[in-house]
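2 protein chains.
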Amino acid sequence: MSTRKVPDVVIRRLPLYLRVLDELDAQFSPIISSRELGEKAGVTSGQVRKDLSFFGVFGKQGVGYYTSTLRAELRRILSLHRVINVGLVGVGNLGQALLRYRANKQKRPGAEEGLSIIAAFDKDKRKCGQQIAGVKIYPVEQMPELIRELKLSIMILTVPADAAPAVFEQCVRNGVKAFLNFAPVKLASPAGVRVHHADVTLELESLAYYTDEKE
Amino acid sequence: MSTRKVPDVVIRRLPLYLRVLDELDAQFSPIISSRELGEKAGVTSGQVRKDLSFFGVFGKQGVGYYTSTLRAELRRILSLHRVINVGLVGVGNLGQALLRYRANKQKRPGAEEGLSIIAAFDKDKRKCGQQIAGVKIYPVEQMPELIRELKLSIMILTVPADAAPAVFEQCVRNGVKAFLNFAPVKLASPAGVRVHHADVTLELESLAYYTDEKE
Chain A
166 MSTRKVPDVV IRRLPLYLRV LDELDAQFSP IISSRELGEK AGVTSGQVRK
216 DLSFFGVFGK QGVGYYTSTL RAELRRILSL HRVINVGLVG VGNLGQALLR
266 YRANKQKRPG AEEGLSIIAA FDKDKRKCGQ QIAGVKIYPV EQMPELIREL
316 KLSIMILTVP ADAAPAVFEQ CVRNGVKAFL NFAPVKLASP AGVRVHHADV
366 TLELESLAYY TDEKE
Chain B
166 MSTRKVPDVV IRRLPLYLRV LDELDAQFSP IISSRELGEK AGVTSGQVRK
216 DLSFFGVFGK QGVGYYTSTL RAELRRILSL HRVINVGLVG VGNLGQALLR
266 YRANKQKRPG AEEGLSIIAA FDKDKRKCGQ QIAGVKIYPV EQMPELIREL
316 KLSIMILTVP ADAAPAVFEQ CVRNGVKAFL NFAPVKLASP AGVRVHHADV
366 TLELESLAYY TDEKE
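These protein sequence lines are chains A and B, in that order.
Residue numbering for the first sequence follows this note's numbering, starting at 166 and increasing by one per position.
Residue numbering for the second sequence follows this note's numbering, starting at 166 and increasing by one per position.
Treat the hints with caution; some may be incorrect.
To be verified - BS3-like, lysine-lysine: derived pairs with alpha carbons at most 25 Å apart:
1. Lys170/A with Lys351/A
2. Lys205/A with Lys205/B
3. Lys342/B with Lys170/A
4. Lys170/B with Lys215/A
5. Lys342/B with Lys205/A
6. Lys351/A with Lys205/B
7. Lys170/B with Lys170/A
8. Lys205/A with Lys170/B
Claimed, not checked - Among the chain B residues that face chain A by a calculated CB cut under 7 Å, a handful are:
9. Arg177
10. Pro180
11. Gly207
12. Ser210
13. Val222
14. Phe223
15. Asn258
16. Leu280
17. Leu345
18. Val360
19. Leu367
20. Glu368
21. Leu369
22. Glu370
23. Ala373
24. Asp377
No lab work stands behind these hints, which were simulated from the structure alone.
Since this is a predicted model, take the numbers as computed values, not measurements.
Quick reminder that beta carbons are idealized off the backbone N, C-alpha and C, glycines included.
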């Protein structure tokens, strides 16, 4: 089955569903309805059913989804059944915060994280060789060979805006297909390369809408 | 006209449109088509027209939108025509990174930011009184009175997970209606209070989908 055409907004909701399932105890909740799953994930039951139908996943009419089956299925769809190695470039304040944050998250019960940051890169030689939350910092010059050696398939960019395009291009050239970009700059992604922008300004601007009393 | 029922996903796209318009020079592009606006914002032209129609904003058939009018309209819809004061709680690595990041963003040309972080709070007395990127750090005990005094209408939470619920509740009790939460914990928001969760794990999990070759 081709899944190439699944809209990105659908893909972005799957981890939400997965989180709901991760937080359930399958022993006490062997089955979950689309209504319950939707409520916990913040979407309608219809949306849940439509999203999952993209992947040929259907619940039992009037019953729901088998919790542990759906959970395994979502992990497979998202490729989280495999080990996914993540690299981080730019160990400034934000990079350090993410390394520590991820270290905490990896303790999430029941999550069996296959997804973890296993290497960080920085151009500052004084940082190189150090570890933060168990992740070693390498000189950025070693990035191309380490991307291949460590099989890094997602890169988090926490470099300054002016450094981001060159780092991005170098990662792409070495086969990285997925990026989480925190640098305040647009990156032109070639076909087959996915860039998610983490943009605090956009978040704040949409929140501004809710500060006003709407009539 | 009631705008209460506008879906959050629509509100989240408006800042994207606004950014496209901010980056245009209205002198050289007095008019923009929904197709062009959509392309630059990464959505379809139909989505652009539907989103804007929620607010009674319609382009001229076969022509497009007047760039500067649409820009002013979007700013008004998002409440960005007013000054919006933002506070930040928790000046660790992440909090510091955000303060510095925002300071850079505020230099974005043509943006006339009405939205800015004007106060930060921390429980560590040694940090209090200091400034980061021009933003003063206050003891968290002063937060309730300063929320009212400085009219803080959005709060950014960069505190540890265990501290977040109490800080959140205190902000809500003092009238804050919009939150950007970076703490890895769910916050139960009462009616009329909007919480956006900045969640790196969800981002990475959806990116994992793109690391696999889909057939």
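Evaluated hints:
| no. | hint | result |
| --- | --- | --- |
| 1 | Lys170/A with Lys351/A | holds, 24 Å |
| 2 | Lys205/A with Lys205/B | violated, 34 Å |
| 3 | Lys342/B with Lys170/A | violated, 37 Å |
| 4 | Lys170/B with Lys215/A | holds, 22 Å |
| 5 | Lys342/B with Lys205/A | holds, 22 Å |
| 6 | Lys351/A with Lys205/B | holds, 11 Å |
| 7 | Lys170/B with Lys170/A | violated, 29 Å |
| 8 | Lys205/A with Lys170/B | holds, 20 Å |
| 9 | Arg177 | holds, 5 Å |
| 10 | Pro180 | holds, 4 Å |
| 11 | Gly207 | violated, 9 Å |
| 12 | Ser210 | violated, 16 Å |
| 13 | Val222 | violated, 14 Å |
| 14 | Phe223 | violated, 20 Å |
| 15 | Asn258 | holds, 4 Å |
| 16 | Leu280 | holds, 6 Å |
| 17 | Leu345 | holds, 5 Å |
| 18 | Val360 | violated, 9 Å |
| 19 | Leu367 | holds, 5 Å |
| 20 | Glu368 | holds, 5 Å |
| 21 | Leu369 | holds, 6 Å |
| 22 | Glu370 | holds, 4 Å |
| 23 | Ala373 | holds, 5 Å |
| 24 | Asp377 | holds, 4 Å |
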